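8 protein chains.
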Amino acid sequence: MDIKEILRSVENGTLTAEEALLKIKMQPFVDIGYAKLDTQRKLRQGVSEIIYGEGKTPEQILGILNAMAENGQKRVLITRLSKEKYDRIAEEFELRYSEEARLGILGSKPAPDGLGKILVLTGGTSDIPVAEEAAVTAEMLGNEVVRIYDVGVAGLHRLLSYLDTIMNASVIIAVAGMEGALASVAGGLADCPVIAVPTSVGYGSSFGGMTALLAMMNSCASNVSVVNIDNGFGAGFQASRINHMEIKK
Amino acid sequence: MDIKEILRSVENGTLTAEEALLKIKMQPFVDIGYAKLDTQRKLRQGVSEIIYGEGKTPEQILGILNAMAENGQKRVLITRLSKEKYDRIAEEFELRYSEEARLGILGSKPAPDGLGKILVLTGGTSDIPVAEEAAVTAEMLGNEVVRIYDVGVAGLHRLLSYLDTIMNASVIIAVAGMEGALASVAGGLADCPVIAVPTSVGYGSSFGGMTALLAMMNSCASNVSVVNIDNGFGAGFQASRINHMEIKK
Amino acid sequence: MDIKEILRSVENGTLTAEEALLKIKMQPFVDIGYAKLDTQRKLRQGVSEIIYGEGKTPEQILGILNAMAENGQKRVLITRLSKEKYDRIAEEFELRYSEEARLGILGSKPAPDGLGKILVLTGGTSDIPVAEEAAVTAEMLGNEVVRIYDVGVAGLHRLLSYLDTIMNASVIIAVAGMEGALASVAGGLADCPVIAVPTSVGYGSSFGGMTALLAMMNSCASNVSVVNIDNGFGAGFQASRINHMEIKK
Amino acid sequence: MDIKEILRSVENGTLTAEEALLKIKMQPFVDIGYAKLDTQRKLRQGVSEIIYGEGKTPEQILGILNAMAENGQKRVLITRLSKEKYDRIAEEFELRYSEEARLGILGSKPAPDGLGKILVLTGGTSDIPVAEEAAVTAEMLGNEVVRIYDVGVAGLHRLLSYLDTIMNASVIIAVAGMEGALASVAGGLADCPVIAVPTSVGYGSSFGGMTALLAMMNSCASNVSVVNIDNGFGAGFQASRINHMEIKK
Amino acid sequence: MDIKEILRSVENGTLTAEEALLKIKMQPFVDIGYAKLDTQRKLRQGVSEIIYGEGKTPEQILGILNAMAENGQKRVLITRLSKEKYDRIAEEFELRYSEEARLGILGSKPAPDGLGKILVLTGGTSDIPVAEEAAVTAEMLGNEVVRIYDVGVAGLHRLLSYLDTIMNASVIIAVAGMEGALASVAGGLADCPVIAVPTSVGYGSSFGGMTALLAMMNSCASNVSVVNIDNGFGAGFQASRINHMEIKK
Amino acid sequence: MDIKEILRSVENGTLTAEEALLKIKMQPFVDIGYAKLDTQRKLRQGVSEIIYGEGKTPEQILGILNAMAENGQKRVLITRLSKEKYDRIAEEFELRYSEEARLGILGSKPAPDGLGKILVLTGGTSDIPVAEEAAVTAEMLGNEVVRIYDVGVAGLHRLLSYLDTIMNASVIIAVAGMEGALASVAGGLADCPVIAVPTSVGYGSSFGGMTALLAMMNSCASNVSVVNIDNGFGAGFQASRINHMEIKK
Amino acid sequence: MDIKEILRSVENGTLTAEEALLKIKMQPFVDIGYAKLDTQRKLRQGVSEIIYGEGKTPEQILGILNAMAENGQKRVLITRLSKEKYDRIAEEFELRYSEEARLGILGSKPAPDGLGKILVLTGGTSDIPVAEEAAVTAEMLGNEVVRIYDVGVAGLHRLLSYLDTIMNASVIIAVAGMEGALASVAGGLADCPVIAVPTSVGYGSSFGGMTALLAMMNSCASNVSVVNIDNGFGAGFQASRINHMEIKK
Amino acid sequence: MDIKEILRSVENGTLTAEEALLKIKMQPFVDIGYAKLDTQRKLRQGVSEIIYGEGKTPEQILGILNAMAENGQKRVLITRLSKEKYDRIAEEFELRYSEEARLGILGSKPAPDGLGKILVLTGGTSDIPVAEEAAVTAEMLGNEVVRIYDVGVAGLHRLLSYLDTIMNASVIIAVAGMEGALASVAGGLADCPVIAVPTSVGYGSSFGGMTALLAMMNSCASNVSVVNIDNGFGAGFQASRINHMEIKK
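Protein chains in written order, with this note's numbering: chain A, 1 to 249; chain B, 1001 to 1249; chain C, 2001 to 2249; chain D, 3001 to 3249; chain E, 4001 to 4249; chain F, 5001 to 5249; chain G, 6001 to 6249; chain H, 7001 to 7249.
Just so you know, the hints here were simulated from the structure itself, not pulled from any lab data.
Treat the hints loosely; a few may be bogus.
To be verified - Listed next, the in silico BS3-like pairs over lysine-lysine satisfying Cα-Cα at most 27 Å (straight line):
no., chain 1, residue 1, chain 2, residue 2
1, A, K249, H, K7083
2, C, K2249, B, K1249
3, D, K3248, E, K4249
4, B, K1249, C, K2083
5, B, K1109, C, K2249
6, B, K1083, H, K7083
7, F, K5109, E, K4083
8, C, K2248, B, K1249
9, C, K2248, B, K1109
10, G, K6083, F, K5249
11, G, K6248, F, K5109
12, C, K2083, A, K83
13, C, K2249, B, K1248
14, F, K5248, G, K6109
15, H, K7249, A, K249
16, G, K6109, D, K3083
17, G, K6083, H, K7083
18, C, K2083, B, K1248
19, B, K1248, C, K2109
20, C, K2083, E, K4249
21, D, K3248, E, K4248
22, D, K3109, E, K4249
23, G, K6249, F, K5248
24, E, K4083, D, K3248
25, A, K248, H, K7083
26, E, K4248, D, K3109
27, F, K5083, F, K5109
28, G, K6248, F, K5248
What the hints assert, rightly or not - Just so you have them, the derived chain F footprint on chain E, three or more residues with Cβ under 8 Å:
no., segment
29, 4120-4126
30, 4146-4152
31, 4193-4204
Treat the numbers as computed from the prediction; the structure is a model and nothing was measured.
A virtual CB, placed ideally from N, CA and C, is assigned to each residue, including glycine.
Excised from the complex, chain A in its bound form:
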């Protein structure tokens, strides 16, 4: 981090100790009271800023968007954004909206610059909204995404018919509710890392996705790691990180 540079400036006399301390404190975010914006995260983490829309009022989201705009942030993804909130925000910002995935998108999709393709699989039709959250997130972070939906394990021939695509993916995002077995089967068929996303699809003892989460956690395939229930965003984010791995020595 830049603490070294700051210290050197003190050493050089460019900064006083007080100024340095102030710099350390003031620099990395903008404080708008109810939120502290990581205006430098784009640099530090290599990605666009994301706003988690749930639990924020439209006014708070607008405040954040304005602060970002002032800091030059042009590409923003708002997750878990209800239609009502979108309508209010769209009065002030030119936001595209995916109702299915509850995503608000500011700015254009960047050109893909990852190592390969991210493959998004779903067990059923009902898992598609979560899969779309993952897919769009990955696209907004610079990845090429391939979607294959409704290929649950109770009809293996459907999944097997896409074996080439599966074998060729760089990262797989396996989105499934109910018993969540898709992650294990995909993990066994593929070489690449699999990010498993349990969904709340199901009823009764599916416990809002907890059964799928636990099943994925206990996958007998070793190349599977798991994110939270319905967390399409997290899966897309982590997959993008993996798809942008670089040589570090």
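Starting from the structure of chain A, add chains B, C, D, E, F, G and H where the hints point.
Only chains B, C, D, E, F, G and H this time, still in chain A's reference frame:
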């Protein structure tokens, strides 16, 4: 049931009301205090008597075996029988013992007389003890049993190489711990009923088999029903019932 | 499966390797993007196609129905279909609807061709919707169904008065919420396999049916296997499979 | 309570305020540091003193017994007393011991003086230790106890053959593990209050008795109330209270 | 039961065997399809008929009420009856209604004929609806009821000020949510049986009353048994049973 | 407590025993049927009266407010007060209202008289309502409060930039949902006691705040204790107690 | 923190930037590979160093003790130290040992310098080991501790007889298993902060202390906050912090 | 996969259809009854074979090792291998053993060929065994591993002093029990993917690691995905996959 016959005997004057009441009460079981033996269950339920060995002292089991012997029962299966209890019982009864499956077996295996074969699958090597409990139970109840072990879904090619056997089974018992996905995959590949047995194989969030149980409960295959964790006996019993279905009009 | 036939066609020169691979991939389902339809499942699994209505938009369901119609599928059961979705679909397809059981039915009920009768029992009046889902499913799959409702174990005389019917059933579907004891009692009274369906009927520590599910799992009757909470469809499907058992050698 | 009497003594001048306060504080128990003995509970609660043996050292139990002896307490029941602790205590006190029920008994069984009989039922043989804890507790508190063991609901004819005894009981203690359905069936057959005791008998998803507890909680019979898992003592105690009801106006 | 009488009638020639069997089957309830009414339960169980209103349609409830009326039942309590259902039923039956306790009451309150008074305590104001369900149930079953509300343990002086009433009760119903400690404290203060009713009052980790249920289950007072969360009816019913204990020899 | 004084008055003859008993019973609260008001708690506990608004009708709250007014209570905090209830109450009492924190406030904020400042931290923007409940509660109880919001641990630099404030707080209230790690990090950075408040912010396996609660319970920082999910009031109350510690010898 | 001082030294030229960075990194702990010792925590947190003994080998603990000795730390508390580990460590360090509380103590107890007394209460005799962990921890951190054991709420008169001591405490640590009601009752009686410690004392549905934890979490007393099950150390630590509050402006 | 090649061989006449089918079935694994060995997985998955040692007998492990040896596999990692099993296996194979991590290692560590370094962090000393399982696994799969242990979040300065190493890692494995906050903090500090491993370190409400698992699942850092409790192997495996990402077009 025979209540009709008993009533008719009262009508005929063959029995007094008191005698009839006594008959209804005394007939169907032998009471040895700590246990009430269904000496007629062989007829009523079409199967040999089973003793659940856990939580009974060797003396109690011996008492039950003796009472059964007096009622002419020659074929008995004792489940969840520890080696220690077996050693004590073997002093008085000529019992075969499977330490792996913790089964004590009195009498010979009957000739198979079911509709077809019962196929027992396991996800891994560690699931074999439970699978053997299921397989031996089914054999003792008059079924031909085929075993295919260690064909978990993370290596689908292993399972798929037995596709003929799977397609040809009358009933499948799918025994698996961890994420329990074997039941769904087998259910999707096969036409026949699948009895899923979750096992306590696993660690951490497998919760002693509860994760596998829940996953099997939420199977996306519709021909799957589930028995308790590690309940190989119940699966073998239910599979045998299904494999002995008859025309009832 | 037909992989053997396909391979033989390659050997015969009837098919090239590429054509064969294509055949394997393309044959078993129709891909309409958000869903992959098992157009051959009727043959492979011996049953009509079922659509799980929850989590699908009316438009998606219509798309699936149209694809099925094109493939000649005339008998379709749509489960968990809300009244709203039904109204939309009924504009284009001549669908019968059971609001109680949330079932949409396309095509007529087939003539029963099973081994015997499937008996559907409920513990209470509130369990009837789930029982109806099971009963109608079984009827649509070619089974004669007998219904006895509100015979919970706290009033045993009610259940016992149907002892003849119970003893004569081929398969029993025991539908109960609260403590779910009906499955154990029915299992003890009957010779045949019992499929237990826990329901979400109850309150407080019934945990939306989980208590009934666990109780059924731990049934002291050995001829009981269990499906998911409120899964009337699965119970009807599995019971139908069992009621259609054939000799397989 | 006697606060009224104490206050009157102050009013009378028999006691000073300080003496009264002292009396209130010192009277109802004897303090031996690690335990505060309710030496007056026999009067206040109408029962003998009980020592919960688990988590106490033999020395602590001896200390309590000595303090009780000094206060004239001759009839003591020690629950959950391991054989090891019993052996140590038996060196100093003439204690009878039931290893099965883990009970240490000081003094003789009193003559029964309740309204009627307490009936103790168990689902299986393995539930007997808990049932014995209940039965002996009730006997030590002045009740006549009838035991009927191994009458689980999967073999209803066994339970029904004791219908007279069931109909004639004053209180029923239903002891069962696994699915715990005995409580509901007994509750439906009987007029009297049923105290249900779930036991930890079972495996897998019986969760150490929690499944039975929940099932009993959700009993469809209204005359059932429940105590903790394996709490035979509590059931015997509560049943005794009910069996000793008196007219209070 | 009357099976003895029926058998004697066969013996006497008053009944044929077929007639007897029919009698056994037909007598104890009226079958209206979706419900089986225990028209004799009033005799057999000593109480009026109760209808559990939840999960039944107004039409079903009306059908049951009509069948009851035909059988001469004049006093009926309908529990968990929503205002909407009440309004529909009130068009045909003269029903009193308690919106707070969601109770519909047909017929007058009987004169109390129990051994003493049933005391209903609540921890807080929010527990009152459940307490009222218990209190009215007990009153409808012939008990004198005393209500003391909002005497939770965090303000012990409030509870202690009613010590006389507590000491004088025949049965106590302790209704509390949150940590449910009221049951233990009341159990310690009183001689009589305590029926604990956990309520769903609370938030966060109160888990809809499960925390209170578990706490009550683990009460350190031995005269406490527990019914389901919010089950005021069950508590009132069980308390009434206890308050109507008779000498049985 | 004053029992000593009362006893002395009896001793002095100022009070008769009956009067004394009456005094003990009548004094500490006002009974308005559905509620028992601790009119002296202000003295005994050193704080203003709080009304828990949930589960009380507006009429009940008004009744309580009136009873308080009659007892001279001028500063009242109503927690979990919905807008609807507020509107009704505001017709009769001059109540300020915070919709975000669902607080109704009667009377003015007292001057801070604590040992130091109470610092309220939140992990995110969505935690602010709970934090405000804590902050306003603490202010109403006489504390100076500092708020720092949206300083979750995934962006440590945000939290670290307030290190001075953290080091200088007397008590910290750490409000966080999701993984609840803020409590541990704050606990490690600060010397003072930390009261952790898990919030229901999150989704999927956050289980309505239970994950945060458990994480906080298992904090590796030793100066952390925890209150219930979303219990901002409790945290503010406990923090105020700590901030008002006095020398007691 | 000292970052300001370090920066000033850079400004003064006393330190170079590199030296400063090194200082920040190296200063606050000693790294012995498997552990990083907070050698300055005594200053920073105002307390002696604590070693959590569970999960560490005796060799690791010795290594840590040696590193501490080298840094001049003379007073160390080792929690959850088994007898076996103690024996090994006692060969090299003069350690006192409390087997009951599993504590190893190096160095003498400091003179109490807190605001008042810390009162440790237990519900039963079995809770004493956890209570001792709390009490000794508090004593080692400079507090006067008063112990009152076995004053559970089922015998309120026992607790009430210590009312003076309770009213006079600065902080109360309420240690209880089973239903954990002691915390609520103590919280209601006392003015001071209560730290509740659930214990794993109990059986069945006590779930190893989780029932007590949840009950304490849902306490209706507002001055209660909770630490982990059996976490006597944490309670003693937090209580000490509270008992050492100072004026901070 | 090679199905295309096999089909082409049939087309060429090199293989008959039967031979081809046989090839598909026999090729990818060796069947030794209780296990099916993926002898080609090294090629297909790019890694050495792993044997999960738990639940396998030493004889079974030896059988698998022998079958592997026959297939030329020279580098094998046996996880969860107890000392007893190791001793037996070491009689026949030259196995290195890490008792701490319960790993048996056959063959030498390969030269690292990943993109960068894998950093393994632990929260405490007790987490080291799981961390070592992860670290050794990663090393055996060709990765350079850096270990930093005992840097839990309650002492942030310890973690921050390694900021350079953290910022420079390619993948981070965060191993922590208790509240598991290390994953979130590391995720916030680093750019790279973080694999979180919850451990069973803790007590009480840590629930054997489930609290840490849930906390990690709900991490507010988006670059965190999670594996099962104590699954060091899975973390090392997945991290290795990520560290060996290649360009795929």
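Hint consistency between K249 (chain A) and K7083 (chain H) [alpha-carbon to alpha-carbon, up to 27 Å]: 37 Å, violated
Given the hinted pair K248 (chain A) and K7083 (chain H), is their alpha-carbon gap at most 27 Å? Status violated; Cα separation ~38 Å.
Checking one constraint from the list: CA of K3109 (chain D) to CA of K4249 (chain E), max 27 Å. Satisfied? Holds. K3109 (chain D) to K4249 (chain E) sits at ~20 Å (cutoff 27 Å).
Restraint check for K1248 (chain B) with K2109 (chain C), where alpha carbons must lie at most 27 Å apart: Roughly 21 Å between the alpha carbons, so the hint for K1248 (chain B) and K2109 (chain C) holds.
With a cut-off of 27 Å on the C-alpha distance, tell me whether K6083 (chain G) and K5249 (chain F) pass. Roughly 37 Å between the alpha carbons, so the hint for K6083 (chain G) and K5249 (chain F) is violated.
Given the proposed pairing of K5083 (chain F) with K5109 (chain F), does the C-alpha separation stay at or below 27 Å? 21 Å, holds
Please work out if K2083 (chain C) and K1248 (chain B) have their alpha carbons no farther apart than 27 Å. Answer violated: K2083 (chain C) to K1248 (chain B) is near 38 Å, above 27 Å.
Run the distance test for K5248 (chain F) versus K6109 (chain G): straight-line Cα separation, threshold 27 Å. Since the Cα atoms of K5248 (chain F) and K6109 (chain G) sit roughly 21 Å apart, the hinted pair holds (cutoff 27 Å).
For a C-alpha distance cap of 27 Å, please report whether K6109 (chain G) and K3083 (chain D) respect it. Not satisfied, since the Cα-Cα distance of roughly 39 Å exceeds 27 Å.
Between the alpha carbons of K2248 (chain C) and K1109 (chain B), is the straight-line distance 27 Å or under? Cα-Cα ~21 Å, so holds.
Agreement of K7249 (chain H) and K249 (chain A) with the hint, judged by alpha carbon distance not exceeding 27 Å: 25 Å, holds
Sort out whether K1249 (chain B) lies within 27 Å of K2249 (chain C), counting only the CA atoms. Roughly 24 Å between the alpha carbons, so the hint for K2249 (chain C) and K1249 (chain B) holds.
In this structure, the earlier hints numbered 1, 4, 7, 10, 16, 18, 20, 24 and 25 are contradicted, and the remaining ones agree with it.
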